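Given the structure of chain E, go ahead and fit chains X and C onto it with the hints provided.
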Amino acid sequence: MTNLLEVRNLTRSFGGLIAVNDVSFSLRGGRITALIGPNGAGKTTCFNLVAGALRTTSGQVFFEGRAIENRRPEDVCRMGIARTFQIVRPMRDMTVLENAMVGAFSWTTSVNDARDIAYDSLESVGLANKAHAKTDQLTLPDRKMLETAKALSTRPKLLLLDEVMAGLRPTEAAGVVRVLQKLTENGLTILLVEHVMRIVMEVASTVVVLHHGAKIAEGSPADVVADSKVLESYLGAGFHA
Amino acid sequence: MLSLWLNVLASGVLLGLVYGLVALGLTIIFGVMRVVNFAHGEMVVFGVYIGYWSVRLWDVPIIVAAAIAAVVMFVFGYLLETLIVKRFVNRPHHYQFIVFIGLALLFSGFLLVAFGPDPRPTASQLSFHTVSIGLLKLDLARLQAAATAGLLIILLGAYLKYSAFGRSLRAAANNRLGGLVVGLNIPQIYAVTFGIGTGCAGVAGALISPLFDAQPYLAVDFTLLAFVTVIVGGLGSFSGALLGGLTIGVAEAVAALMFAPSMKTALPYALLIIILIFRPRGFFGAKEI
Amino acid sequence: MPKKFNEATDQKRWIAGAGVFVILALVGFLSNSYVISLMTIVLLFTFMGQSWNLMLGIGGQLSIGHSLFVGLGAYSVAVLNIKYGISPWIGLVVGLTIAGFVGALLAWLSFRFEVRGIYFALLTIAAAEFARIMFSGWEFVGGMQGMFFQAPTGKTDILMLRGDARFYYFVALGVAAIGVLGTELISRSYLGYVWRAMRDDDEAARALGVRTFRHKIIVISISAGSAAVGGGILALVQGSIFPDSIMGMGISVDVLIGPVVGGLGTAFGPFVGSLAAIPLNHTMSAIGDSLGIPGLNNIAYGIILILVVWVLPDGIWPAIVRLYRSIPPLPRLKISQPRKVEE
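Residue numbers (the numbering used here), protein chains in the order written: chain E, 1 to 241; chain X, 1 to 289; chain C, 1 to 343.
These aren't lab readings, by the way, just hints derived from the structure by calculation. In this text, all values refer to a predicted model and were calculated from it rather than measured experimentally. We put the beta carbon where it would ideally sit given N, CA and C, even for glycine. Hints may contain errors.
From the derived model, a few chain X residues whose C-beta atoms are all more than 10 Å from chain C [stated by the list, open to error]:
#1 N7
#2 L79
#3 P117
Pairwise CB distance ranges (calculated) [to be verified]:
#4 E/Q181 - X/P92: 32 to 42 Å
#5 E/K182 - C/F113: 42 to 52 Å
#6 X/V75 - E/Y234: 54 to 64 Å
This is chain E alone, in the form it adopts within the complex (with noise of 0.2 Å):
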């Protein structure tokens, strides 16, 4: 079968500095897949990469067997991969439903049926009561439902999140977990950045993790809180399972 996306090889630099370094990795469907590493290792610019964001330097990233690197954003989000963003970019002056309608409308034009689409997102993260609240009334973890409903108003079928946890209280990450099962068990695919461990250990299926813009190690998180190169990258060297 094959992968949903399937990243090769994907290179990016900025001048002297290599961010992203060779990375190869695949995602099946219908899973949730971490990519971790320590501050700078690479993972946001991995997103940027797949999303559309940013130019590789060389690589290429497949979706759904069709090569999309170097794609614009707006065409990587319309042909199924929505991301959000670490700090969380809701749109002023507008309401909590009205910012989930704008996803949808890559596919519709219709504003009733937009308006049915972002009832749907925000129900799927909890936020359907504060649909008419303005985003500036929001809390944290409110907000970063939020930027995940407008995400999934594009109809993705991959979501790739972005420290979706960053800042959240225990009890508040674990409302996010149920949320992205539920999106999992419904289908989606998720990639998420994450820096909890116990959060990456509760929810992931698949662990890559970076390091100085390189992969050094991929699997199932078990496999990979046991390897000695990933406790050296956090912990520093000497340090043993």
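Same frame as chain E, but now just chains X and C:
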């Protein structure tokens, strides 16, 4: 024929140096504060009027008028920044633009009310004197303006590069937050920067008062000319302002010779459109706006 | 949960809008010629202000060179009518098309090459000034001497869009109403949502599938075309056009002052703003003329622009709305309802 071209080019270069000074003021303000001073032309015209009145009231040489303009316009710019501009530095760009358009209207309105719309020629002591160098016959007033402008540009450049304050100015331009962290007095720096910018404009205005009759309507042309110059040279670049000034000065002179004199203002705009489209950062400008 | 949350407020707005329209129509029938001429200009700049408003308030693109489009519209109508006797209706369509095309071209060129923000605004000024200078030197359109329409006969000729001041007032009113309606409809349509998203955060909008490049061209093109229509009618109202006036920076400022003062991005803002600014301008000009001091109107414009951006950056109209909403509801007078019989 050659002599005509040489003279035209020479006068273009001379005026270009003055344009460079005007552009320098604008680019320093932008480089440090990221603010687009759409009232810059009005500052130049204030300088022209200072030139006119200094000569008329006290019969001083243009150099003295320029010195007066420098002081007056520096203080004016400093106060303007502290009282008004400072409140808009962090607003979105289109608000800034509109505020400056408002200021420009205010200033040109003031000039109209105070001095009336009629052009006022400044009779400098050097007017009508020319100096001959080979094939070139140069207007002495223009030569003086260019030489003074050139000298000021060099002095300002040296100051910015080597003085303590100059370094803090460049630091603030580079990284505002970082500057605050290391203890730079950013509000003070901004005020002084703005003052320097308007001071440059004022001096340039005083220097060219023998060449251009003082009138309020000159302001818009100067603002746009300053922008064309700065963009051609590169927004925020010192050498860009100078190079841009020379380019525009020569381009204008050539256009006046090759096409109708009325077209001479059209060429800079055409140049601006082309530059904005193909190389918006100009010769030396920064990549980011 | 009501799907249309704003239904109640919606109705109020439509009623208010209709009310204002009726009042303005009455003004047209009852007022003297001075008020009519002034209000005609106010309404025309409301319309042109709306077009500018569309571009910035909703689309997020700043233009300080709208006089380019206004002038193209004016000259299209003038040239076709004065030189060839063609009806201004055709002239308006031609002007709309030309300006729309020029706007699209400017947009395409700039965004293709990543010219954004202030640079784009400067590009619009440069384009407008360049056009002004070109038209000043173009004999075919009269150069600096401008063009003059035939003196009005006072008879109303709808086919040729000629008539007296009152006629033009209603033309302007009609056009302004279309402008307000159009803005409102666009605002509620999918274009409104997508454009506002584009305005607030271009990158985020693209990540949601919005083809911002295409949409910027569309919004600028529509804005340009409408401004041209306004310019064409302005030409007819004024009876003559000169490149310095119809394509100069002054017109660009007159176009933007309404929306900025009244309220960016709102449907009523440009009207409120023009109503405040233009009569002020005329009064100051008149005072200046009578005192022999030109320039008072510039000072007035400058002051209100600065004050509005400083104190009421959203504009006068949203401030009025906020004030209105903060007034506690008055106790209802139960005149028509029978008293409840206490059991």
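These are the hints, each one checked on the structure:
1. Consistency note on X/N7: stated as away from chain C, and its beta-carbon is indeed over 10 Å from all of that chain's, at 25 Å minimum.
2. Distance to chain C confirms X/L79 as a non-interface residue, since its nearest Cβ pair spans about 15 Å, more than 10 Å.
3. X/P117, annotated as away from the interface, has a beta carbon of chain C within 10 Å; the closest lies near 6 Å.
4. Distance hint for E/Q181 and X/P92: a CB-CB separation of about 41 Å, consistent with the stated range 32 to 42 Å.
5. For E/K182 and C/F113, the Cβ-Cβ distance of about 45 Å falls inside the hinted range of 42 to 52 Å, so the restraint holds.
6. For X/V75 paired with E/Y234, a C-beta distance near 58 Å keeps the hint of 54 to 64 Å intact.
The structure shown violates just one earlier hint, number 3.
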